Amino acid sequence: MTSIDRHKTLGLSESDLRRMYYLMLAARALDERAWVLVRQGKIAFTVGGEGQEAAQVGAAMALKPGVDWVLPYYRDTAVVLALGMTLEEVFLAEFGKANDPNSGGRQMSKHWSRPELRIFSCSSPVATQLPHAVGCALAARLSGEEALAWVSFGDGAVSKGDFHEALNFAAIYRLPVIFFCENNQYAISTPFRLQSPVPRVADRAAAYGIPGITVDGNDVLAVYEAVRAAAGRARAGEGPSLIEAVTYRFAPHTSNDNDRLYRSEEEIAAWKSKDPIKRFGGYLAECGILSPEAGAELARQVHAEVAAAARRALLAPEPLPETAGRFVYAEPESGREH
Amino acid sequence: MTSIDRHKTLGLSESDLRRMYYLMLAARALDERAWVLVRQGKIAFTVGGEGQEAAQVGAAMALKPGVDWVLPYYRDTAVVLALGMTLEEVFLAEFGKANDPNSGGRQMSKHWSRPELRIFSCSSPVATQLPHAVGCALAARLSGEEALAWVSFGDGAVSKGDFHEALNFAAIYRLPVIFFCENNQYAISTPFRLQSPVPRVADRAAAYGIPGITVDGNDVLAVYEAVRAAAGRARAGEGPSLIEAVTYRFAPHTSNDNDRLYRSEEEIAAWKSKDPIKRFGGYLAECGILSPEAGAELARQVHAEVAAAARRALLAPEPLPETAGRFVYAEPESGREH
Amino acid sequence: MAVRNIVETVAHTLREEMRRDSRIIVIGEDVAKIGGVFQATKGLLSEFGPERVIDAPLAESSLVGIAVGAAAAGLRPVVEIQFADFIYPAMDQIINEAARLRYRSNNGYHCPLVIRTPYGVAPGGGGGLYHNQSVEGMFCGVPGLKIVAPATPYDTKGLLIAALRDPDPVLFLEHKATYRAVSGEVPDEEYTIAIGKADVKREGRDLTVIAYGLMLHQALAAAEKLAKSHIDVEVVDLRSLKPLDKELICRSVRKTGKALVAHEDCLSGGIGGEIAAVIMEECFFHLDAPVMRVAAPDIPLAPYSRHLEEHVVPGRAALEKAMRELARF
Amino acid sequence: MAVRNIVETVAHTLREEMRRDSRIIVIGEDVAKIGGVFQATKGLLSEFGPERVIDAPLAESSLVGIAVGAAAAGLRPVVEIQFADFIYPAMDQIINEAARLRYRSNNGYHCPLVIRTPYGVAPGGGGGLYHNQSVEGMFCGVPGLKIVAPATPYDTKGLLIAALRDPDPVLFLEHKATYRAVSGEVPDEEYTIAIGKADVKREGRDLTVIAYGLMLHQALAAAEKLAKSHIDVEVVDLRSLKPLDKELICRSVRKTGKALVAHEDCLSGGIGGEIAAVIMEECFFHLDAPVMRVAAPDIPLAPYSRHLEEHVVPGRAALEKAMRELARF
Ligand SMILES: Cc1ncc(C[n+]2csc(CCOP(=O)(O)OP(=O)(O)O)c2C)c(N)n1
Ligand SMILES: Cc1ncc(C[n+]2csc(CCOP(=O)(O)OP(=O)(O)O)c2C)c(N)n1
Ligand SMILES: [Mg+2]
Ligand SMILES: [Mg+2]
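Residue numbers (the working numbering), protein chains in the order written: chain A, 1 to 338; chain B, 1 to 338; chain C, 1 to 329; chain D, 1 to 329.
Note that these hints are calculated values from the structure, not bench results. Quick caveat, the model's predicted, so the values are computed rather than measured. Backbone N, C-alpha and C fix where the C-beta goes; we use that ideal spot for every residue, glycine too. Certain hints may be false.
To be verified - For the chain C half of the interface with chain D, some residues (derived, Cβ under 8 Å), not all of them:
| id | residue |
| --- | --- |
| 1 | Ala2 |
| 2 | Arg100 |
| 3 | Tyr103 |
| 4 | Tyr130 |
| 5 | Gly196 |
| 6 | Ser268 |
| 7 | Gly269 |
| 8 | Gly273 |
| 9 | Ala276 |
| 10 | Ala277 |
| 11 | Glu281 |
| 12 | Asp298 |
As the list claims (entries may be wrong) - List time: in silico DSSO-like cross-link candidates among lysine-lysine, alpha-carbon distance up to 30 Å:
| id | chain 1 | residue 1 | chain 2 | residue 2 |
| --- | --- | --- | --- | --- |
| 13 | C | Lys246 | D | Lys321 |
| 14 | A | Lys274 | D | Lys33 |
| 15 | B | Lys272 | C | Lys225 |
| 16 | C | Lys246 | B | Lys274 |
| 17 | A | Lys272 | D | Lys33 |
| 18 | D | Lys246 | C | Lys246 |
Chain A with its partners taken away, still in its complex shape:
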């Protein structure tokens, strides 16, 4: 197998690869646009996944949209796009608009929720979603569904008791859960070595007797391969897996962060030279699937789409103040199935 056969071995078609590349470009462009909106004072806050697109797209491609429970965390722009959320929907959340399908403007942006796509509701407290994923898997098993639960989180989340308790339960009951850590080296300013006594998040899997895989998170195909394998195990009743995608966050933690206080330009530059998008673009060019020129054209097109989506979202209506009290509890008249 030469290096340009990798996607074939994985059963990915050329159109799959083009879609993956498109998703990575789109997520990047979207996140970058959000920073511009913050600087323009149009939104109060943003958080992005720039640099982590390979990890996110690789993982999402291995899931069944609308079937599997997906519990992404706040950096997973590319994940939700891959599952079917539109650019405009993400921007509606960015602006906190009334018809933001995630939360109707109640949550910070990137706090996902899309029941129709089985994208679970994401809150801010770190790691609380891990037990939720276990619960989704439990529900799926009990209902006789084939669904698995995929949940992502950062390297910081691994320190929390929730991580331990969730993996422990999932392992005891061999539940179909994929625990997917996007190890981007930092939890805000705190470097991984102050978060973890072991060099790899995947080393933690031994405590639960489950597979622990470390994968190059900037290699979209490698991530896809690892998650697909874990999904196979999950669907075959072989229980949970822990996957660590080693990657890097290019931008500050959020729009409230100044990352120059805790990491050097050199460090950032070194990681940027491993940009997962460039890398995947290189692979596509090498395979003759997308020439550099076609890639550049695609990037332009994506930027235009992103800009248009942002513009449309900006013009969408704001939430009505008097709706602030709705849905603290069920409303009988809301017509929703309880």
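Based on these hints, arrange chains B, C and D with the ligands on the given structure of chain A.
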């Protein structure tokens, strides 16, 4: 090395061994007496460590009383006796008397606390003491003290987030902590296999990059050896260890439990045939340190001591109702150093 | 109509609802094999099997967290927290997750979850500082959560069915001292009691006592004693602590002009402050006396020694004294 | 005398006390290298080193738990919870451990621990449902704990020193909207303000407003406006939420005959109910009107969209309206 040379290799003298045997007998007799007191209606509640004496005495013998921070859990009668708590003091707690040095009758029995011996205050919520031990070790290091922290807990406690968070922190900062799990196979009715996806608690150590040792918890010398080695590592600045002493609880969980609902007479009998006290008595006889006759005589003497201590404690004054409100906060007039 | 005590009623009602609704699962520490340390889930494992009745690992935070995920994904989990004193590790999942799920997803997800837990002092039970606590005061400020605390077998069944069918998270508090001590007739047929509805358990004209759980029974007993002194006490059983039945409370207080709120929890920060404030806000000009509170002093509940415990835990005597004082106004 | 804002005062006071007492350590997420996400621990790492200023792993439960152990073993830990919204995982360690340690050991151990945390809504800050919460109502029922919530730089210094020297656990609440918005003179010398003492920030005769944190400033501003309508408002700054300064509160209410309690937290279960109940108990016959409460509605605080946030968070306008209404009684 023949089997009867073991204690010499460990540097334990004959009088050490006699003391260890005495402590095991005393703890057993004390715990058993407490059950009688419950049946007599003299106390409302008890909990005991019968069957776990080898683990407890073996561990405690490797610690420096009054120097090391000791955070025992509610089964550790033998641990506190080994550190210097008297039989009468334990009974004062059993009866909830005013001069119970543990809590003055405020806590359930076996909820230890003895500042003079650096025995930490033990509460009921499972596993909360693990981070406390880490904090004690942190304080000791910062004060330049040579003290380590030893903390014990059951197999159920391993499931809690506190376990994970405490080991993680201790490992990152290489703090002198010995995490000592008395794996007695059950958390109330819940068997270890429903608590743990891995066969050994010690397997968890891999997640923290620290030594994880499983030891026969019914072999007092083996436990001593393991804890002494961990203490050596801790004092040498090599960080924490996780030790699992595999043992069994002979009695019901507490006086409120009916263990026949979840385990068979055969299972209990099989473990009782491995009674750590009989086993150690056999070793002492084999070594010619304590003949069976002398052992029996010692047991009689211990029972008399225990009975006398219980009688004295029974006659001690009850707490005065109007003291119930004291020490919710510091009292300026109490004369205690803050 | 069967006569049952409260713990039997819990087990019986769970069984009946589990037969009717296959989405209900029961999960907690020691709830399956032995049917719970109080036997509140007795018999469920043998009827419904280990898929629906789960002996969970000792980890309250994920216990609730897993139930939140399962509830959102279509099940109807019933979590048992073995003692209310051990609910704190799960606060994050209860407050930040369960109670906010519907709101934050703009009605996209919801969380039909029941958290059952025994609370309160079992007098002389030797439970000490960690098997006797009341926690309701801490949760009554959590929007998105409902809290019920029935005091009779009849109300237990009706409210438990209502909780199990409620589309939002319900904290279901069972006073452990009532588990076996309080028995009563329980209809065989299914019925619900609306969450948020209080109940006048004794009518009276002179003053209103508002209580729940064990204190309800103490209040009723004290009211009988006062009746002999020709003081006619109305006793309101709150039953639901969130939402509060302000309407019924105020109707009663407007009638009697005097109110006493009783709870076993500490005075400061207990739910009594909220109720007293509501009464003042809504019925100030009907009040002939300040709203009184009978509660434990601000001391950790409850010290082990019976001598200390009795001193701390408010009982019938304290209630009676306060009621007489209030009547004298 | 330097002029400082509140967050600078926190950092400055910590530094001064750490110089005086080598037992003080600061531990929290991102407190060392970057000096905290709000810069409240800025400069401490470089002066005191990584042994005393610790960037802890992301784990609030053990963060407090480790500090409890360290406090009992002789240190004086200051824990930062990055946002009050993230304190819930630590509830067990705060309530069951820190607050009960002295009591349960019959004065054998104690826990001199300060937990600092920014709380409250930063208006328009985009913090959403998990960076805006108020948590004081939840802790005011915990015996063994003290709670302070200063509103000015002067009080921040005095209360922080008092907290750092207190032998018992103190929850130190810093309203994040005041961090940079509120500045004032801070004496250079050391001084303490007794925990449990409120302060009359504005004298008046017609009605008493009781507030703390950001609401104190809203109340003062509203009082100035009402002065133009010849309504003379007394504004009490609670400063300490536990213990409450009942004496000062009652002295003021007895004088004015009218009381309004204001907080940003939700109405139900907020600390206002407790205060209203106390006022009624102690000053009933001095009251010319019911004690009023201004608070957020029972809605999760606070939705992200500014349009929603503004609707939910009580501000100066709501206060002013209530004050006028109360004055009319
Ligand atoms: C329980 C909790 N504590 C603290 C925070 C504040 N906080 C938000 S993100 C974050 C760091 C998370 O790091 P990591 O898990 O590595 O994810 P990353 O942001 O690096 O992708 C922290 C401390 C929080 N949201 N929740
Ligand atoms: C947080 C918490 N949850 C539940 C309990 C109730 N409880 C007391 S002991 C116990 C089992 C503990 O088992 P293990 O840790 O194995 O210790 P063992 O009693 O077997 O020695 C449980 C569930 C508790 N004390 N604390
Ligand atoms: Mg990270
Ligand atoms: Mg055990």
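C:Ala277 as chain D interface residue, shortest Cβ-Cβ below 8 Å | This hint holds: C:Ala277 lies near chain D, its Cβ roughly 4 Å from the closest one there, short of 8 Å.
Distance restraint between C:Lys246 and B:Lys274, which requires alpha-carbon spacing of 30 Å or less | The given pair, whose Cα atoms are some 63 Å apart, is violated under the 30 Å limit.
Going straight from one Cα to the other, do D:Lys246 and C:Lys246 come out at no more than 30 Å?
-> holds (27 Å)
Closest C-beta approach of C:Asp298 to chain D relative to 8 Å, hint status = Interface hint status for C:Asp298: holds (4 Å vs cutoff 8 Å).
Below or equal to 30 Å on CA atoms is what counts here, so check B:Lys272 against C:Lys225.
-> violated (56 Å)
Per the CB criterion, is C:Ala276 less than 8 Å away from chain D?
-> Holds. Min distance 4 Å.
Restraint outcome when C:Arg100 is required to lie within 8 Å of chain D by C-beta distance | With a minimum Cβ separation of about 5 Å from chain D (threshold 8 Å), the hint on C:Arg100 holds.
Supplied contact hint for C:Tyr103, tested at 8 Å Cβ to chain D = At 5 Å from the nearest chain D Cβ, C:Tyr103 passes the 8 Å test, so the hint holds.
Interface hint compliance - C:Gly273 to chain D, C-beta minimum distance less than 8 Å = Since chain D brings a Cβ to about 4 Å from C:Gly273, closer than 8 Å, the hint holds.
Hint check: is the beta carbon of C:Glu281 less than 8 Å from a beta carbon of chain D?
-> holds (5 Å)
For the pair we were handed, C:Lys246 and D:Lys321, check the Cα-Cα distance against 30 Å.
-> Given that 30 Å is the threshold and the Cα spacing comes to 24 Å, the pair holds.
Starting from A:Lys272, check that the Cα of D:Lys33 is at most 30 Å away, please.
-> Holds - the C-alpha atoms of D:Lys33 and A:Lys272 are around 23 Å apart, at most 30 Å.
Checked against the numbered hints given earlier, this structure breaks hints 1, 5, 15 and 16; the rest are met.
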